[in-house]
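S.K.: Protein chains in written order, with the working numbering: chain A, 1 to 422; chain B, 1 to 428.
It is possible that some hints are incorrect.
Said to hold, decoys possible - Part of the chain B face toward chain A, derived, beta carbon under 8 Å: (1) Phe34; (2) Asp85; (3) Gly91; (4) Ala92; (5) Thr110; (6) Lys153; (7) Pro293; (8) Ser309.
As the list claims (entries may be wrong) - Simulated restraints, written as ranges between beta carbons of each label pair: (9) A:Asp121 - B:Lys138: 57 to 65 Å; (10) B:Thr417 - A:Glu421: 38 to 46 Å; (11) B:Leu61 - A:Glu2: 51 to 59 Å; (12) B:Glu300 - A:Glu374: 33 to 41 Å; (13) B:Lys228 - A:Glu339: 48 to 56 Å; (14) B:Lys238 - A:Ser154: 36 to 44 Å.
It should be emphasised that the hints constitute simulated quantities derived from the structure, not laboratory data.
From a predicted model like this one, the values you see are computed outputs, not experimental measurements.
Using N, Cα and C, we set each Cβ at its ideal position, and we do this for glycine too.
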Amino acid sequence: MEFNNKRIKLGNGIYLNMIHTDKFKSNLLSYYFIRPLNREEVTMNSLVPLVLKRGTKDINTSIEIEKEFESLCGANYSSSVNKRGERHVIRFTVEWANGQYLSDTSLNYRVIDLLRSIIYDPYTENGAFKKEYVEQEKENHKIRIESKINDKRSYAINRCIEEMCKYENFSIYPLGYVEDLGTIDENNLYIQYKKLLDTSQIEIFYVGNFDEDIESYLVNKNKIDRENVVDIKRENIIVSVKQKNLINEKLDVNQGKIVIGYRTGIPFEDKLYNGLLIANDILGGGPNSKLFNNVREKESLAYYVSSTIIKYKSIMLVDAGIEFANYHKTVDIINKQLEELKAGNFTEDDIEISKKAIKTSTESIRDSIFLISEFFLSQILAKDSRNLEGMISDFDKVTREDIIKAASNITIDTIYFMNGEK
Amino acid sequence: MILNTIVNDRINEKILSHELDSGLKIFFMPKPGFVKKYAVFTTNYGSIDNEFIPIGEDKPLEVPEGIAHFLEHKLFEEEEANIFDKFSKLGAYVNASTSFNQTSYLFYTTEYFYECLELLVRFVQSPFLTDENVEKEKGIIAQEIKMYEDNPKWRVFFNCLKAMYVNHPIKIDIAGTVDSINTITKELLYKAYNTFYHPSNMVLFIVGDLSFEKIIETVKKAEKKYEKTDLTVERIFKNEPKKINQKIIEEKMFVSTPLFYIGFKDYNLGIEGKEGVKKDIITNMILDLLFTPSSEFFNELYNEGLIDSNFGAYYTGKKTYGHSLIIGQSDEPEKIYEKVIELFGKSPEENLKVEDFERLKKKNLGNFLMGFNSVEFIANNFVDLYFDKFNLLDYLDVLESINFEDLIQRYKEHFTTDNMVLSIVRPT
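Using the sequences and the hints given, assemble the complete structure.
M.R.: Rendered as structure tokens:
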């Protein structure tokens, strides 16, 4: 079963992706603005969705916007900014109940109009954003950025990436920087917003039930004449590590958090990348992985321990929460397990298990309206034309030799340790 | 075979049910076209059940804090092979969780569902505990506890419960403490297991594109033989006074901005089934009207820079406890506390508006409907409400039966200053 999808070009670098399915009780509409990830833009880009939410040309306050969404049978609006490799992706989404269950046929159109007005028709004063809104959102955003230390696990991961990728744009924090907020005002932010509209690649997704009228409505509404969009370079993949980094950061915490960053040197376009994903899964993917069994089950050193691959940068991260005193012991076990993997010390069962785990999570994408849109976006960003079946069948073809070959490229780059030892 | 079917035409969903001779009840929601197949096997046993009369005994036993959660970890232990491996070989994702009230074992998969179902029933029904494997788990759980100790959101939440409750075990951390879990033994775990894992104290819920006949057949084949019993587990809850434990509770942690919880302890307890759900929805509607981004109060505080978009509130309650929680981060948590007192100092008629209430009802309807997109939402909510003697599919009927007047009554009864507490986690 494959998706019934259509990709329509609406202008330079602007596409509408229509994915038809009647299995959900809702529909989803998302706009993705794709920017280069760099220090100059990142803080402003993150601020834009917050300011847009404050008021539109017709609905001047956020309380009225909220009420409007509630009246649309509780349509759920959300926005996010994150990084995918060295791209900064700004998303605006609304998911709403399928009108057919509520005998409301105009619902779809009203939701589309409201989301579009938030993105394209903001409330302005003297050709810029409203000063008060920008100042308030700057203050809010400051708190948001600062509170990244509240989640210690993701903070540790971010710190490891920051240190490891010091000289790469990938180290940039996707929400931006407090010290860069100061120079932002209603005028320069509005200019940046206009730039987002005029020069970003824009991907629009509609997932759910629709007819030709909805489709042509979306086509007509989103058609745009514009110049060429900003060109984003493929990320640089670092293959060899010149110097190993060790970061020991003293913080007032109860649990030590270790994050090890590795360079794999295998770009996702390479066929061997599938082997890398399976190698990663055998090492630290799930509860049958080498790390789970050896760090947690055998030695009782950690509650969580796992490894993941960062696609666009071909980086592998291993992380675990441990006693401070067990730092060396844990690092040794992790190293040893990676060596075992490289030496081919894993079974046919291990390979099968990893292939199945990847297959199950890949297939499960079909059951989530949001993940369907994210899947298509990710294929577009990677210029990957495979469908879900194609991806699964490529995983199936991975051999033991591929896994060993992929693993042999994994080189340690940075060890970060969050240490609370007094 | 006796099959019961509950149909809700409006949302186009149905639930089938069947009771086995052992007393185990199985519920199934067909989801044609869905790839994921999900099963959850749940016992009506959570962290609050820490005092009970063990099966076959006559005296109450108080067990170490965190034992239900410890048991959840240990059921994955098996004599021969590793249970994780077995599920993994079938391409299934298996996990478990312990809440205040329940312990759930679940898996989802896209194929080999019936084989996985058989595994699920078998592993939950065959504990394999040894002194060694109990000992081994202590280090792992200690790290889980430490992870939560570093989680300010968890700390500020539990401190709030500690401030509200004098005796009720809801104030106990679900995983226990490093000290309490060190006193857990194989014998205590078996006592807890034998008392709470009888099929009549459990429920099996399945959702997906599957055959109910085949589900029943599989469970029958896999289940351990139990005699059906009408006996219910004797749980002991110390008398919880109608007062709070302490007004303000504070802790210092490594955080950026102070986090706060404002709690209102519910004194209107002992209600289950439809009435319980009704109380739950009514209370949540009041909180939504007052504290969501569509409320005056939210916008006033937001514009003053006192709160950010994470501010919100919800009510949660069971038969023996209940509380409303207002949550956020702010440089001035005390000021928000004062503003909330001021807000509830006004009459309900002044704060709540009929048109907002009508709009909120529409929103709840839409959100409930959208919940049925997710097999996890369906399974988790069904099971949770099942033990409260309520069928999830009746939710819309209860929602629609609620009047504006119900909110006014509840507002007066529940939101007072003497059942109100404040918990703050401040930066060090």
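S.K.: Next, verify each hint and record whether it holds.
M.R.: Results of checking the hints against the structure:
1. Annotation: Phe34 of chain B was flagged as interfacial toward chain A, and the flag holds, the nearest CB pair being 5 Å apart, inside 8 Å.
2. Because the closest C-beta pair between Asp85 of chain B and chain A is about 5 Å apart, less than 8 Å, the hint holds.
3. Here the hint on Gly91 of chain B is kept, as its CB sits about 3 Å from the closest CB of chain A, short of 8 Å.
4. For Ala92 of chain B, the interface hint holds, since its Cβ comes within 8 Å of a Cβ in chain A; the closest pair sits about 7 Å apart.
5. The restraint placing Thr110 of chain B at the interface with chain A holds, with a minimum CB-CB distance near 5 Å, inside the 8 Å limit.
6. The interface hint given for Lys153 of chain B is met, as the beta carbon of that residue sits about 7 Å from the closest beta carbon of chain A, less than 8 Å.
7. At about 5 Å, the closest approach between the beta carbon of Pro293 of chain B and any beta carbon in chain A falls short of 8 Å, and the interface hint on this residue holds.
8. About 7 Å separates the beta-carbon of Ser309 of chain B from the nearest beta-carbon of chain A, less than 8 Å, and the hint is met.
9. Between Asp121 of chain A and Lys138 of chain B the Cβ separation comes to about 59 Å, which falls inside the hinted range of 57 to 65 Å.
10. Taken as a hint, the range 38 to 46 Å holds for the pair Thr417 of chain B and Glu421 of chain A, whose Cβ atoms sit roughly 44 Å apart.
11. Distance hint for Leu61 of chain B and Glu2 of chain A: a CB-CB separation of about 57 Å, consistent with the stated range 51 to 59 Å.
12. Separation of Glu300 of chain B from Glu374 of chain A is about 36 Å and conforms to the stated range, judged on CB atoms against 33 to 41 Å.
13. For Lys228 of chain B paired with Glu339 of chain A, a C-beta distance near 55 Å keeps the hint of 48 to 56 Å intact.
14. In this structure the hint that Lys238 of chain B and Ser154 of chain A lie 36 to 44 Å apart at CB holds, the actual value being about 39 Å.
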